[in-house]
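Protein chains in written order, with my numbering: chain A, -2 to 292; chain B, 9 to 400; chain C, 1092 to 1347.
For the record, the hints were derived by calculation from the structure and aren't laboratory data. Don't take each hint at face value.
Stated by the list, open to error - On the chain C side, residues computed to face chain A include the following (Cβ under 10 Å):
id, residue
1, Met1142
2, Leu1144
3, Asp1157
4, Arg1171
5, Pro1178
6, Glu1191
As the structure is a computational prediction, the values presented were derived from the model and not from experiment. The C-beta atom is built at its ideal place from N, Cα and C for all residues, glycine as well.
Next come the chains, spelled out residue by residue.
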Amino acid sequence: MEFLGALPQVMFSGIAAGAVYALLALAMVIIYRTTEVLNFAQGDMAMMTTYVALAMIVGSGLPLYAAVPLALAFAAGLGAFAEFACLRRAKEPSVLGLIIITLGIEMIVFGFASWKWGGEPRDMPIPLSPYDGITAGGVIMSYLELITIAVAALTIGALFLFLNRSKAGLAMRATQQNRAVARLMGIRVRRVEMFAWALAAVVGGIAGLLVGPATTVEPYMMWEPMMKGFAAAVLGGMTSLPGAALGGAIIGIVENLFGYYVSTAFKSVVPFAAILLMLTVKPSGLLARHYVKKV
Amino acid sequence: MLKKLGNIAALAASLWLPLSASAAELTGVTDTEIHIAQWGPQTGPAAPWGSVARGTGMLFQMINDAGGIHGRKIVYHMFDDQYNPAKTVAGVKELVEKEPGIFAIASGVGTSPGLAVKDYLMERGIPWVGPAAGSLHWITPPQKALFAVYPLYADEAKLLVRHLVEKEGKKKIAIFYASDEYGENGHRGAVAELQRLGLTPAIEVSVNQADRDLKSHLLKLKESGADAVLMWVNPTHAVITLKTAAALQFSPQWATSSTLSDVPLMQTITGGLWKNIIFASFSELPDADVPTVTKYRAAFPKYAQQGERWGVFFMAGIGFVEPMVEGLRRAGRNLTRESFIAAMESIRDYKGVMGAISYGPGQRQGQRAVFLARTDDTGTKVTQLTPWTEVK
Amino acid sequence: MTALLALANVDTYYGPIQALRGASLAIDAGGIVAVLGANGAGKTTLLKTVMGLLDDQPDKGSIDFDGASIVGAQTEEIARRGIAYVPEGREVFRELTVLENLQAGAFSRRDDTAADLARMFGYFPRLMERRDQSAGTLSGGEQQMLAIARALMSRPRLLMLDEPSLGLSPLLVQEIFAILRTINGDGVTIFLVEQNARMALSVADRALVMEHGRFVLDGSAAEIAADPDVQEFYLGIAGEESVKGYRRYRRKKRWR
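Isolated chain A, as found in the complex (with noise of 0.2 Å):
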């Protein structure tokens, strides 16, 4: 009775952990659909947009509502940059040859934060005590873990309507599924791609932000998440949003399950066993639709 009485605290400290997966998987999926490039410095970009905002609390004295929106402006830049001076700079590119550049992203945005900031983990100060919560049902719900289920689920819900209802989203579906064709459209599709990337950064900044005072802020801050954020996004099919979003929970949800009643060593492996059992049963993902895109 007992074994399974903390079922209900586990299950919510899976969706507050995949909350932050799903963010980061819909992060990369953004730039997946638009692109077709598997941004590997997603979480890197987020570790420095957390970084930014520290600097402004911290170091400018600015209040926290005032430096969110600065960091995540920030990270817009930063995404935007990245597309404009890297990506598009690759002539006729390999899809390895994109994960690369991406990868030398990483390793820039790493190295600059590890010499700006050091290696040393940092506070990230926020406004609210970790010990404040409520408790319902016996599940022990800390007011920063609430916060992050909310603000993970209306990011993805702003998300979804701007994808669906707006016509800069129907120019990134558009692009998405058929760039030349977009491009016959009169869409700009070079600029939609750049918006992507600052879309994805900003997205992938709000996880930064979340997991920032929840750990610590360090420059590997958001390789763990990242990785886990990448499984989530393959779990549900790379290039779908809703899959993107439940392959988070999922993977938030099964490890913590792992790690209470299995094995606290092994349970990192959780998503990347995921991984290859998804690839192996089903490679399109949980919710990617099939459609045979024409090159």
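Mind docking chains B and C on chain A? Use the hints.
Showing chains B and C alone in chain A's frame:
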């Protein structure tokens, strides 16, 4: 004449044979220089421990400014291995096999990085003093050229467990440890001591280096009903542990190793959660008013780089290497690896910033004593709980 | 009056292969112009060159739209100047709904598109029925209708079509060509390339024949239809002998 011939032969050999042959001859000592190396993470999750390597740098600089040792200056080669054993190996090999070689290794941060190069160094007879990690591996079995300073993690863990049970009246002690050598050493020591006291751990939970979501770990610790938790993890995990515990409204007595004894750092990076923590200390407290500490503290502003902090690890970088400096002094002008090792073996009850250090033939664990201390309710003041204590 | 679209001495290469050889052409606003030619004659290359879809091409020559050069301009900018292009094989956005496809077509416009949507549904009532279906589920004919409607949503002055009849049943082809005439009547100049010469000549006002990357015949649709070579090689109207290969051997096209 004969010497001249030998020189020519050596020159010819160095011209004709690639590195491997000449590498064996590289001693890292010249008429004017002693080359000494150290690795230490300057970036990455273990970066807070990297100040050890910078502290050693200050010690060497002070010695050089005072004229060096028997007419030789110390040339210090420090590199950032990011606590990644593969990088440690590559860095050490490069230094050892490149002119003029390395005379000895000073300290070096971490159990896993150290283990990765231990055999390589010992096969070549390169002396190594004061690895910055409290592992049993340095002395099992004792190595001729390896002089350990850092007290054993297992001893620290035993002392902490003993204190928790006997002085704090804790009955259910859980062990939360990193799934690496460092964590295992603490884990084993704690289990052994609990056994000696006729107890079993409330629960044993290990954490993977890469993990940043510790909710399921903390939930297990909480559900075990532990009233004290021995925490043997890296600084980042300690932060996440305390934050996650707070979110789960789990507040046992935390007890932790000397690796987390940098109180101001822990207080800062936990955002003020480093309160009422019992920890083991291998050195005098950095603000202690004992002469061995005050002389370095006074010199610190002159030698330290901008942004450096007079913390326990920076100071430990001095303490781990003080015995080496003592050994170099005792070895005299005719410095060889043999004469250095003999000199090291003659050290008894050396007292620098660490606890008392003694070596002898077959005796390679220099320091056994640690003491326990506790942070107060504000997390800023530290009180010493026990005197310097040897476990057995 | 300047021509709506004017090409002069355009050379286009695909790598080392020259696909257009000094192609020159001027299209005035208002009519339907058809280009006939065999597979590989350079018809599709011609349209892609105009749209700037081929990197660093044309190699030589000038292309003016409405009196201004569009050589070297980005495809999206050329589209925004008023040329809509319906590529071969329709190329609808398969995952978007019919309505979203039409909205994507109107992307460059900032004004209200409701009237144009209504007009498209007027031309193609079937699209109205399927407006919320994803385009990938439509039949080939419906996709062609959608591709044309999508192109028209930008209110182009010139509509270029590449093989609109390809893969469609004769009945559908007739339907689509009938609508093209209606569209032309509504003020859109149409420039189409077609292998189905009979169909093309039946709607076009003017026709050109392309071979080996250059125009070899140019005239009113009636003149071209009456050309004996066109009759033989494109319309399949044979003389006494019935074996085409034999005829081909015996008779030479006079423009060669």
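For each hint, the structure was consulted:
no., hint, in the structure
1, Met1142, "holds (7 Å)"
2, Leu1144, "holds (6 Å)"
3, Asp1157, "violated (16 Å)"
4, Arg1171, "holds (4 Å)"
5, Pro1178, "holds (7 Å)"
6, Glu1191, "holds (6 Å)"
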